[in-house]
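Once you've looked at the hints, dock chain U against the given chain R.
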Amino acid sequence: MSEVIVITSGKGGVGKTTSTANIGAGLARLNKKVVLVDTDIGLRNLDVVMGLENRIIYNLVDVVEGNCRVKQALIRDKHYPNLYLLPSAQTRDKSAVSPEQMRKLADSLAPMFDYIILDCPAGIEQGFRNAIAAANRALVVTTPEVSAIRDADRIIGLLEVAGIRKIDLLVNRIRMDMVRRGEMMSVEDVLDILAVSLIGAVPDDEGIVIASNHGEPVVGNDTIAGQAFLNIARRLLGETVPLADLESGGTLLQRMAALFRRK
Amino acid sequence: MAHSAVIIKSNPHGLILNLDAELPFEELCQAVSDKFRESAGFFKRASLALTFRGRALTNEQEARLVDEIVQSSGIHVICIVDESKETAERYKKAVVRALEQRREEEGQFYRGTLRSGQVLETDSSVVVIGDVNPGAQIVSKGNIVILGCCMGNLYAGASGNAGCFAAALTMKPMQVRIADKIARSAIVKKVDTGDYPIDPKIVYIKDGHLQIKAITNETLSDYLA
Numbered sequence: 001m002s003e004v005i006v007i008t009s010g011k012g013g014v015g016k017t018t019s020t021a022n023i024g025a026g027l028a029r030l031n032k033k034v035v036l037v038d039t040d041i042g043l044r045n046l047d048v049v050m051g052l053e054n055r056i057i058y059n060l061v062d063v064v065e066g067n068c069r070v071k072q073a074l075i076r077d078k079h080y081p082n083l084y085l086l087p088s089a090q091t092r093d094k095s096a097v098s099p100e101q102m103r104k105l106a107d108s109l110a111p112m113f114d115y116i117i118l119d120c121p122a123g124i125e126q127g128f129r130n131a132i133a134a135a136n137r138a139l140v141v142t143t144p145e146v147s148a149i150r151d152a153d154r155i156i157g158l159l160e161v162a163g164i165r166k167i168d169l170l171v172n173r174i175r176m177d178m179v180r181r182g183e184m185m186s187v188e189d190v191l192d193i194l195a196v197s198l199i200g201a202v203p204d205d206e207g208i209v210i211a212s213n214h215g216e217p218v219v220g221n222d223t224i225a226g227q228a229f230l231n232i233a234r235r236l237l238g239e240t241v242p243l244a245d246l247e248s249g250g251t252l253l254q255r256m257a258a259l260f261r262r263k
Numbered sequence: 001m002a003h004s005a006v007i008i009k010s011n012p013h014g015l016i017l018n019l020d021a022e023l024p025f026e027e028l029c030q031a032v033s034d035k036f037r038e039s040a041g042f043f044k045r046a047s048l049a050l051t052f053r054g055r056a057l058t059n060e061q062e063a064r065l066v067d068e069i070v071q072s073s074g075i076h077v078i079c080i081v082d083e084s085k086e087t088a089e090r091y092k093k094a095v096v097r098a099l100e101q102r103r104e105e106e107g108q109f110y111r112g113t114l115r116s117g118q119v120l121e122t123d124s125s126v127v128v129i130g131d132v133n134p135g136a137q138i139v140s141k142g143n144i145v146i147l148g149c150c151m152g153n154l155y156a157g158a159s160g161n162a163g164c165f166a167a168a169l170t171m172k173p174m175q176v177r178i179a180d181k182i183a184r185s186a187i188v189k190k191v192d193t194g195d196y197p198i199d200p201k202i203v204y205i206k207d208g209h210l211q212i213k214a215i216t217n218e219t220l221s222d223y224l225a
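Order-wise, the sequence lines are chains R and U.
For the first sequence, position 24 (counting from the first letter as 1) is numbered 24 according to our numbering, and the numbering increases by one without interruption.
For the second sequence, position 45 (counting from the first letter as 1) is numbered 45 according to our numbering, and the numbering increases by one without interruption.
Just to be clear, a hint being listed does not mean it is correct.
[Said to hold, decoys possible] List of simulated lysine to any residue pairs, SDA-like, C-alpha gap at most 20 Å:
no., chain 1, residue 1, chain 2, residue 2
1, U, 181, R, 2
2, U, 172, R, 55
3, R, 78, U, 185
4, R, 71, R, 58
5, U, 172, R, 214
6, U, 181, R, 58
7, R, 104, R, 2
8, R, 78, R, 213
If you're looking for bench data, these hints aren't it; they were derived computationally from the structure.
So here's chain R without its partners, still in its complex pose (with noise of 0.2 Å):
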């Protein structure tokens, strides 16, 4: 049975696309069978992310209008050989697809794959509704910004109406100078705040911008937001694995690693 997991976030620009892009390719890494479907339709950028915008030909739109066959679309990743991407339409807007189509498109993956990761649009309107509905498990995506945490919790409770039961926290983008300072929020304040169960903290990296602009992934190389990643796909997996250093030494990596056990 494959897990069906949505990445959300509620604001934009959190970094919902990116981290799909990296956990996908953490868990092919990791040898898992993997599907990424892009359910921004009409706003597409994973396949951007990923390095593979000039390969679409269909497009999730197609495969629930009929239009081809779900492995017509399926574009195969350029480095990781079990990692797959369901690109999104550009040409048509969220109400194209409805939640019940999302569902049986979900389904008919199902077969294929370990996992499906279902990168959601930002917001709440249809475009959020279509992609929670066939996840089976939600992992939530903020930045320790007083207004993506607001978002994140008003996201949280609607996946919970929603009936989805495992709900991870993603803390992207913390800068460990900023938190040092007192000048940002801490993993632990978020969490605090949301108090939903964490599965990773991803520092504020330049080299992620620079990735995603060449369109390849971090995961699993030398930078710190590349380990994280990569033990995000590991947490995703079951395995225990203690938080990563966010900052070459220092104190807070024993402060994190001791909240990890705390749970």
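Chain U only, in chain R's frame:
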């Protein structure tokens, strides 16, 4: 004056002008002009056909009247229908034909930038005066010429005509299709700042493969051969 010098009637496709038969032509012109100026707001910039009734007009007089009408009201007169042949059917045909002709004359040009998500579909060859951004698409049953930078998807000869071509001043498309052949660009983002020099290129099918070549005398004679 017992009755006005000009009475305007309308039918579904245009206007019928009942003209006074006796009035000197200059006065009539003035009357028509006044009448249309009054109702300029109502007609806005509609495209209409015209019929003159009640008075025999020479070609010059007719042209003069049309001129007055256009100037005073901004109506676009697409054709003048001869009263003697007038039936609703003929009227309609004349309007449709005139409109079609206009479309044919102007239709294969697109002015402006095609942005992500926009699709330009044409039954004939098309010239785009502007850029085609990534994520935008042109589907043409004929040829495609882009006077700008092409970074989107092109599909020429969409109905299967393998003799079609696509050309652009700067050719950096995501995908190009001609008839049943498809090619995709290599993504080399490491140096890609989106700032491309003008380097006119043409894409066409040769020996069963898509060729993308700089537009030179040799390439063009190769394509035409």
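These are the hints, each one checked on the structure:
no.	hint	result
1	U:181 to R:2	violated, 37 Å
2	U:172 to R:55	holds, 15 Å
3	R:78 to U:185	holds, 14 Å
4	R:71 to R:58	holds, 10 Å
5	U:172 to R:214	holds, 16 Å
6	U:181 to R:58	holds, 16 Å
7	R:104 to R:2	holds, 14 Å
8	R:78 to R:213	holds, 15 Å
Figure legend: structure checked against the earlier numbered hints; the only hint not met is number 1.
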